[in-house]
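*Asks:* Taking the hints into account, I'd like the entire structure generated from these sequences.
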Amino acid sequence: MNTRVTRSSRFSNGALAVLALLVVVLLTAPWWAGRAELRLFGEIYLYLSLACLWNLMAGYAGLVSVGQQAYVGFGGYMLFALTIYAGIHPVAAIIAGGLLAAAISIPVATLIFRLNGAYFAIGTWVVAEVFRLSFAQVSALGGGSGSSLPVAIVKSLADSRSARESLSYYLAIGSLILVFAAIYFLLRSNRGIALTAIRDNESAAAELGVNVWRTKLEIYVVTSALTAIIGGLIFLQKLRISPEAAFSVNDWTAFVIFIVVIGGIGTLEGPIIGTIIFFLLRETLADFGTTYLMILGLVAIIVMIKAPKGLWGLISQRYDLEIFPLRYRVQQSATTEQG
Amino acid sequence: MKSNLSRRKFLGTGAALLAAPAILTHTRAYAADPVIKIGHVSPRTGPLAGFAEADDFVLKGIQAALSEGIENNGKRYSVEIISKDSQSNPNRAAEVAADLILGDEVDIIVAASTPDTTNPVADQAELNEVPCITTDCPWQPYFFGRNGNPAEGFEYTYHFFWGLEDVIANFIDLWDASGAAKNIGGLFPNDADGNAWGHPELGFPKPLADAGFTLTDPGRYQPLNDDFSNYISAFKEAGCELITGNMIPPDFATFWSQAAQQGFKPKVVTIGKALLFPSVIESLGDRGDGLTSEIWWTPSHPFSSSMTGESAKALADSYTADSGRPWTQPIGFKHALFEVVRDVVSRSADLDDPMATIDAIKSTSLSTIVGDVNWANGPIPNVTKTPLVAGQWQKSGDAFDLVVTNNKQAPQIPLGGELKLLG
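Note that the protein sequences, when read in sequence, are chains D and Z.
Under numbering that gives the first Met the number 0, read the first sequence as residues 0 to 338, first letter to last.
Under numbering that gives the first Met the number 0, read the second sequence as residues 0 to 422, first letter to last.
Be aware that a few hints might be false.
As the list claims (entries may be wrong) - So, partial list: chain D residues that the calculated Cβ filter (under 8 Å) puts toward chain Z:
#, residue
1, Gly145
2, Lys215
3, Ser241
4, Ala244
Simulated from the structure, these hints should not be mistaken for laboratory data.
A virtual CB, placed ideally from N, CA and C, is assigned to each residue, including glycine.
*Replies:* Below is the structure:
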């Protein structure tokens, strides 16, 4: 009997085809969706990107950060600073913000990588607070009061309102595709195998010759840069920035952790499921104020008890499914498959 | 509050939605029951919830008063008010404002209570070209906080309240009348209000110096500070008998109890923002007696509603009867916000044209329950001012009363009592 080692399965091939179709449909959204839907979709893409990035760090590289708001806020502030004071085009400013975030993340990493586990998490939070307090001192950017993006700068994106809305939609979906593709191909590369090894057992990985520190640093820098780019896009939508809003641990980290944890940490599919659930809950319940936050907490607790690997973990364990083929599996002949 | 789920169906409604604005534009005025939609953003939950505590009461009254609709150009429009919670979070305020504008397609959007609510909402309205009216935030943080340029102004966003120059004038009058030494300590946080109040040119420092006061300003502190020892010792060293600033209630409570522990006894303590609500004063116990603050609205203000004819006193009394709680200052302003909306809607030359509504806003001249609203009189474009006085929390029996003790800046507001010095 012929056996071969492959990553894809019939399910993953089919699922990927459906997903590709869905992406094509979503790419045409500006032609069929209303303004409110476009904006909501844009927000969903940005949250999903943040969730994928956090998942890459926490789920694969074992870097459980509760301070990613540092880079969201940094990217947002760079957008404001570079457009208002350097006169750079907003899109260029957002990309430049990503590069600057990568540069600043290296010294930050050398500091906080000395910490492990829970200490690392607290360390990242402290770094985010330092960022927040530092930007609160910059009076050119409004200090603690914050600042609005001048209307002229937003209008420089495109002349008509509908063109601006389409552009900001494409920026959001484009960055999601970029983030997702970057993570997917990273995980399929040799580096991905090293990461998966680190995820499963850090000391064993080191024993096998994986340079753990260096791999983690690369992930941290890439994640920081992409998070800052997403942050720039978020605040291009919000039009207004203040230290409280930019470095909000609730908005940019707690909700993101919620998404990844209920979806399934350490899987590519998890953040997608988590984002869908989060937005379904938010769109239906957010008008109930604090009750909404209590329901979010309750959902998180129940999922963590009943499905510690998240909802996707539950599904994939039960049916042995993978939409994005990362694992190798042995296939007997062309039709039957075994895990 | 109204949920707008049906609008948020993810798929399928696209074509209808795209066509909707075009169809609405042509049919609303001829529909059997045309509707005007008003979006309202307010911090119902979170640290600013005190400002929105009377929302349900005020909105209920407005809805009853507008149950007949508003007449415009001989046609009656029914009114739908869609209220959303900002959760005291500027991110969320921007989100719900965008939801109201893009999803509910409101004709006018209104917002109230601190720059964290008014500014994100106004920014969204300005860019999405929807008329916006806001209140309950001094105009400098509103206007300059949004990078406003007085020469240009904004096109779609309008604001009514008082400004820092009014607070400063009122506080100086109050301190002059107190007889305390002109030596003053300043407590300004690093937030929107604190930076505006402490601003060397636009804030307190310059006018205080001009009026002969010596200001000790040890610098901006981060909100939710837990240690004011440095400030207290700086004030003691400088011999300050007066204290001022703009604080949130928890910071003031911390400062005030540490001042007691460290034996610092100023004669007059006049703080903006922290001392607005009776609940805060009660939480300070006996130490709340005699604190002074700016006063934007009281039941004794000699104004009445253009919508219901109720006097300020009648509105405050009906809130107390309805909720069993003492009146608060935002009640009058929230009511006035909808008075202005009703007036604008009734005068707009064409409700389907935002620019016609903007023209109606610009030509507003209305006596509301908080005073006259008329943007032609504003200090700068987009801003008009309502009267401001100063006064003191005085204990009478078990309850605290906010008494107007100085009305030099707005003599039409009656005095309620005399200023008493602190212990």
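*Asks:* Against this structure, judge whether each hint is valid.
*Replies:* Going through the hints against the structure:
no., hint, in the structure
1, Gly145, "7 Å, holds"
2, Lys215, "30 Å, violated"
3, Ser241, "6 Å, holds"
4, Ala244, "5 Å, holds"
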